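Protein chains in written order, with my numbering: chain B, 1 to 251; chain Y, 1 to 349.
Errors might be hidden in some of the hints.
Just some of the chain Y residues that point at chain B, by a computed CB distance under 8 angstroms [to be verified]:
#, residue
1, V199
2, L203
3, P207
4, Y208
5, A217
6, D218
7, V221
8, Q312
9, I331
10, K332
11, R334
A partial selection of chain Y residues facing chain B, derived with a Cβ cut-off under 8 angstroms [what the hints assert, rightly or not]:
#, residue
12, T127
13, R202
14, R210
15, V211
16, R213
17, A214
18, Q220
19, E223
20, T224
21, K227
22, D343
23, E344
24, L345
Label-pair ranges, simulated between beta-carbon atoms [stated by the list, open to error]:
#, chain 1, residue 1, chain 2, residue 2, range
25, B, G69, Y, Y333, 47 to 55 angstroms
26, Y, M328, B, E134, 45 to 53 angstroms
27, B, R61, Y, R231, 25 to 33 angstroms
28, Y, G324, B, R61, 52 to 60 angstroms
29, Y, I331, B, E200, 47 to 55 angstroms
The set of hints was computed from the structure by calculation and includes no laboratory data. Note that this is a predicted model, so its numbers are computed, not measured. Note that CB positions come from ideal geometry on N, CA and C, so glycine has one too.
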Amino acid sequence: MTLLAVEDVRRSFGSLVAVDGVSFGIEAGEIVGMIGPNGAGKTTTFNCISSVIDSDAGTVRFDGADVTGVPPYALARRGMVRTFQQTRELETVTVADNMLLAAPEHPGERAWHAVGRTSASAQREAAARERAMELLEVFDIAGMVEEYAGNLSGGQRKLLELARSLMLDPKLLLLDEPFAGVNPSLTNEIVGHIEALNDEGMTLLIIEHELETLTDLVDRLIVLADGEVLATGPPADIMENEEVVDAYLGG
Amino acid sequence: MSDGASRFEEFPVDAVHVGLTLFVLAVLFLYSPLFVQPPGGTFTVLEVVVLFLLYAMILVGLNLQFGHAGLVNFGPVAFFAVGGYTAAMLTANDPFRAVGLGYPWPVGLLAAILVAAALGVLLGISTLRLRDDFLAIVTLAVAEIIHGLLETQSDITGGSLGLNNVPRPIAGTTSAGDGAVLVSTIIVFGALAVLFYGVFRRLSASPYGRVLRAIRADEQVTETLGKRVFRYKLAVFVYGAAVAGLAGALLVFYNGAASAGFFTINVTVIVWIGMLIGGAGSDRGVLGGLAIIMGFQLFTRFLNDQIPFVTQDQFASLRLVLVGLLLMVIIKYRPEGIWGNADELGVDS
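This is chain B alone, in the form it adopts within the complex (with noise of 0.2 angstroms):
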């Protein structure tokens, strides 16, 4: 089954073509890694599928509905969830707040609820709580509770960004360069983490500026170029396509 179907996606910015006819498929339960020297338009293509900006043609189809022009907070209650490429945890919020404010459908979330202190709010704050317990255990952050995100290292708010996005249960998670800037211990263990998500059926579209990491996690390359695809295929067969070694020797 098609998860994610990207049709003729275009946008500019003035004269700049930043995403020039885009269109690839993700299946479910695939990881696929999008890669592309600088300026290729791979952030550009994430933000018009995520809807974080608009864009000017071409057509998004996610989980068998039409989503082109979905504001984001409702891909985000669909499923499609993104990181960004600069983490961007809520610094000035706990990081046990960074994790419950992601918790989908929450009633104590609508000012009713709030000002009434509603028993079915207080239920879900607990549940969520919970959840957020755990998957911050599983990153290995849960010490770091009650800590304001901003005091974070590096990498412990490139976890909590994945933990936190993992709040909303996504279909499909996109993640924009989860390696930039990682040690090379801290991205073996994002690797493992990703490798253990996917197996448990969650579909993962990374864009990754370093082939090295991506070749060995993902099942299949979608290469980049001046705004388009230029090729796409396994691993293997893509570190062999001799267009996409000029891209990158070129670019």
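Keeping the supplied structure of chain B fixed, place chain Y upon it in accordance with the hints.
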């Protein structure tokens, strides 16, 4: 668990319950033949207390907007004014050269809340998508435009003379003189201020408030985590507007008159300074800050009487200089305010 979790714990005394109880007692008190006659020299202080309670209502809304959600609303007085004039124009009997429809005061009160909220919706929908600094400019401009209209549209608002013959429901319950009216007013307004503090406190201390603080930290991330950011911003903008509108109506029903002089930019300045001194985002701290700044103004007013050779006008300017200095000291040496949380506000102190 400490910090974050304690936010969600119950206080030993809940302000909503206290406010409701106080309000019932206040109403019973009004309808009883009892009254309290304050000592003669305290009228000036009590009048400042009345204003403090009204400004506190504006401030709990503003603190939810700025302290929690990060919305820079530089025009809270606009909603205060619109509420006040709506109430006055609907209820005044034969005001001199102005609109006075003579409806009973509850109609005016309700309309004040609705019209202020409607202005909040209108302004919110058109400006909340703007960046912070633009929102600040637009709200400031709207407040000034409204103040200008109040002064110049004299056939409707009474212009600089204002609107008289507005009903005074609290004054009507006692014939024991101005002092007793002041005390009754303080009891009723105090109960309402505690009640609104309690309601807004519940909003801020719940998962609702957590979403607001996330919006302040990073709107886009909050949106991608499944929250309808714009709707939250609009809601807190309108809640604050509605409460400010109510406070405006209470002011004109207390005074029995509306005048543009009650609704100047000074109101905005005082509640903002109170919030920054107390610590934006600290629900109780901001009220402490408001008490400090209004107490300071009151104190200096008394001081003026003791200092010869300084006219009142000169002293008023001096006072503004001192308030400005106080604000500068706070921002330089304690940017999170006295009771604020530096980590939550993202400032270094």
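Going through the hints against the structure:
1. V199: holds (6 angstroms)
2. L203: holds (5 angstroms)
3. P207: holds (3 angstroms)
4. Y208: holds (4 angstroms)
5. A217: holds (4 angstroms)
6. D218: holds (6 angstroms)
7. V221: holds (5 angstroms)
8. Q312: violated (44 angstroms)
9. I331: violated (18 angstroms)
10. K332: Because about 21 angstroms separates K332(Y) from the closest Cβ in chain B, which is outside the 8 angstroms limit, the hint is violated.
11. R334: Status violated, d = 17 angstroms.
12. T127: At 19 angstroms from the nearest chain B Cβ, T127(Y) fails the 8 angstroms test, so the hint is violated.
13. R202: holds (5 angstroms)
14. R210: holds (5 angstroms)
15. V211: holds (5 angstroms)
16. R213: Result: holds, 6 angstroms to nearest chain B Cβ.
17. A214: Because about 5 angstroms separates A214(Y) from the closest Cβ in chain B, which is inside the 8 angstroms limit, the hint holds.
18. Q220: holds (7 angstroms)
19. E223: This hint holds: E223(Y) lies near chain B, its Cβ roughly 5 angstroms from the closest one there, short of 8 angstroms.
20. T224: At 5 angstroms from the nearest chain B Cβ, T224(Y) passes the 8 angstroms test, so the hint holds.
21. K227: Where the cut-off is 8 angstroms and the nearest Cβ of chain B is about 6 angstroms from K227(Y), the hint holds.
22. D343: holds (4 angstroms)
23. E344: holds (5 angstroms)
24. L345: holds (7 angstroms)
25. G69(B) / Y333(Y): 47 to 55 angstroms: holds (48 angstroms)
26. M328(Y) / E134(B): 45 to 53 angstroms: This hint holds: roughly 48 angstroms between Cβ atoms.
27. R61(B) / R231(Y): 25 to 33 angstroms: Given a distance of about 26 angstroms, which is inside 25 to 33 angstroms, the answer is holds.
28. G324(Y) / R61(B): 52 to 60 angstroms: holds (58 angstroms)
29. I331(Y) / E200(B): 47 to 55 angstroms: The hinted range 47 to 55 angstroms holds for I331(Y) and E200(B), with Cβ atoms some 50 angstroms apart.
Hints 8, 9, 10, 11, 12 from the list above are not met by this structure, while the remaining hints are.
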